[in-house]
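For the protein sequence lines, the chains are A and B, in the order given.
Numbering follows this note's numbering, with no gaps: position 75 of the first sequence is 75.
Each number in this note's numbering comes from the position in the second sequence (counting from 1) with 1000 added on.
Calculated from the structure, these hints are not laboratory results.
None of these values were measured; they are calculated from a predicted model.
Among the clues, some could well be false.
Derived BS3-like pairs (lysine-lysine); straight-line CA-CA distance at most 27 Å [claimed, not checked]:
#1 A:Lys-89 / B:Lys-1102
#2 B:Lys-1106 / A:Lys-89
#3 B:Lys-1162 / A:Lys-89
#4 B:Lys-1162 / B:Lys-1102
#5 B:Lys-1047 / B:Lys-1162
#6 B:Lys-1142 / B:Lys-1047
#7 B:Lys-1078 / B:Lys-1102
#8 A:Lys-89 / B:Lys-1111
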Amino acid sequence: MTITSVIGALIMGFGAIFLFLGAFGILRLPDVYNRLQAGTKCTTLGAFCTIVGVGIAQPDWIFKALIVAVFVLLTNPISAHALARASYKSAVPLYDGTVVDKCREFGECEEVGGAAGASESDAGGEE
Amino acid sequence: MGKHLSRYVATAVTLFCLWLLLTSTSNVQEVLAGAVLALLVAALGYKGFTRRGLGIFSPRRLAHLLIYLPVFFWEMIKANFDVAYRVVHPRMPIRPGIVAVKTELKTDIGKLFLANSITLTPGTLTLEVQGEYLFIHWINVKDEDVERASELIAGRFEKHLKAICE
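Only chain B is shown next, with the shape it has when bound in the complex (with noise of 0.2 Å):
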């Protein structure tokens, strides 16, 4: 019982502040309706959207996650970056294939963002999850080992997405 009040209080939070983002405005009749809003939406979804309840806020978890962003963003400058010199590049240097990457994350929210973050990441995108293997298109592959492409393309997150997700 006390686990399902920590997922359901968790859920009206995030929705909460989500509507005082999307309203930005201090009206109190507003700010009163989107809690009434957050409450009842949080009562019907809240099964969905997280196991662990309020361990989620936790500071060392949002500490890995302000980590994790600017890594993030820069992996994402860069792809870009290689996808425009790639194109423009009249011979187009491009060596594609799909290598396999072996994953520590357990959880399927740690997947999902591994692969989000490897799909926006330079030269890769993620073609199919099966199990602790992610299936990976390379536009250039550099290594077709499983254990080196996994350093190669995964080893940049896992670290702190374990952090954050499990």
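Looking at chain A on its own, in the form it has when it is part of the complex (with noise of 0.2 Å):
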């Protein structure tokens, strides 16, 4: 039981608890922009403290953890901002309580499907 093993297991920990909040805030809130805010956030730290963690408990393996840790603070919000995207063009509705949507004042997010149902026609199709 040395020091840097108390330290990895405590970061371990620490990242733990967020990836559970996480997950807790994918259960609660309403829909899918805010539980994508919950998902991205709460995950990314959560794996970066889980993978730090285990590469300061086994000091062999602190470089090799350090690139898997800075590939997914990479790509993580990549992917979050692909998702809500897609959403958001396959007109995925809103919560109730959403205040404003300068999206759609700018007129620049256009949506690929109609409202009722969201279709995966392809922009070719008919122009």
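Please dock the two separately framed chains into a single complex, following the hints provided.
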């Protein structure tokens, strides 16, 4: 039981708590976009802390752990952005309490499917 | 031609450093194999990696990166406590909305890093990027105005990212 393994275990525990809170947020929040907020932030920091914690507890693995952690840090927000953008474009409704939708005001994020059914017909179909 | 060589060398150096970190060994044979592979892969893919060449390793940019990283990590930890507070609070104090943010960054890579940073900071998620506007899903809208929202959301990062990416 050395000091590095104690620090590593503490960091891993910190990450595990945030992973749990992210899962809890996915259950509690009302719509896709709010759920993605909880899912992205908590899983990114949770996974980052867990992996770096393993690296600190086992110093041989620190560089590999850091590379995996940085990879998660760079790719996780991009996947969240892709999911949110795809949901918006296929007309997944926003939560009732939503106060403002600049995306519609600016008219730049055109929806692909109709409001009734999010069909997946591509743009070349009707033009 | 000189520009291409510079881009090629920058890609190869980056790949070789990645190999050294991944294997974390000082065995001569493995380091040589890594060097050969880095040169080969860089020849295949350097066009997609960087337009600037060896300029990406300039000391000024690395210094700004070193200032930017602690700011970013601090915002990320704050973001997680923010989400934890909203999720655990019995009445769930959320006021979601989509706001527009105007950015001064011109390059694609700058916009990518700004969007990533915004996604990982308290209560914001990048939904769409169109030209100089970013559309952000904000879990607790404090200001609907474009200018002030830009300052609140992107102001913290833009200064450093401008120095790093442009």
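Right, here's what the structure says about each hint:
1. Between the alpha carbons of Lys-89 (chain A) and Lys-1102 (chain B) the distance comes to roughly 21 Å, so the proposed pair stays at or under 27 Å and holds.
2. Taking the CA atoms of Lys-1106 (chain B) and Lys-89 (chain A), the gap is near 25 Å; set against the 27 Å cutoff, the hint holds.
3. Between Lys-1162 (chain B) and Lys-89 (chain A), the direct Cα distance comes to roughly 30 Å. Violation of the 27 Å bound is thereby established for this hinted pair.
4. Using a Cα cut-off of 27 Å, the hinted pair Lys-1162 (chain B) and Lys-1102 (chain B) holds, with the two alpha carbons roughly 14 Å apart.
5. Proximity of Lys-1047 (chain B) to Lys-1162 (chain B) is assessed by CA-CA distance (about 23 Å); at most 27 Å being required, the pair is judged to hold.
6. Distance restraint check for Lys-1142 (chain B) and Lys-1047 (chain B): the Cα-Cα separation of roughly 42 Å exceeds the 27 Å cut-off, and the hinted pair is therefore not satisfied.
7. About 23 Å separates the Cα atoms of Lys-1078 (chain B) and Lys-1102 (chain B), which keeps this hinted pair within 27 Å; it holds.
8. For the hint pairing Lys-89 (chain A) with Lys-1111 (chain B), the CA-to-CA distance comes to about 21 Å; that is within 27 Å, so the pair holds.
The structure is inconsistent with the numbered hints 3, 6, although it conforms to all the rest.
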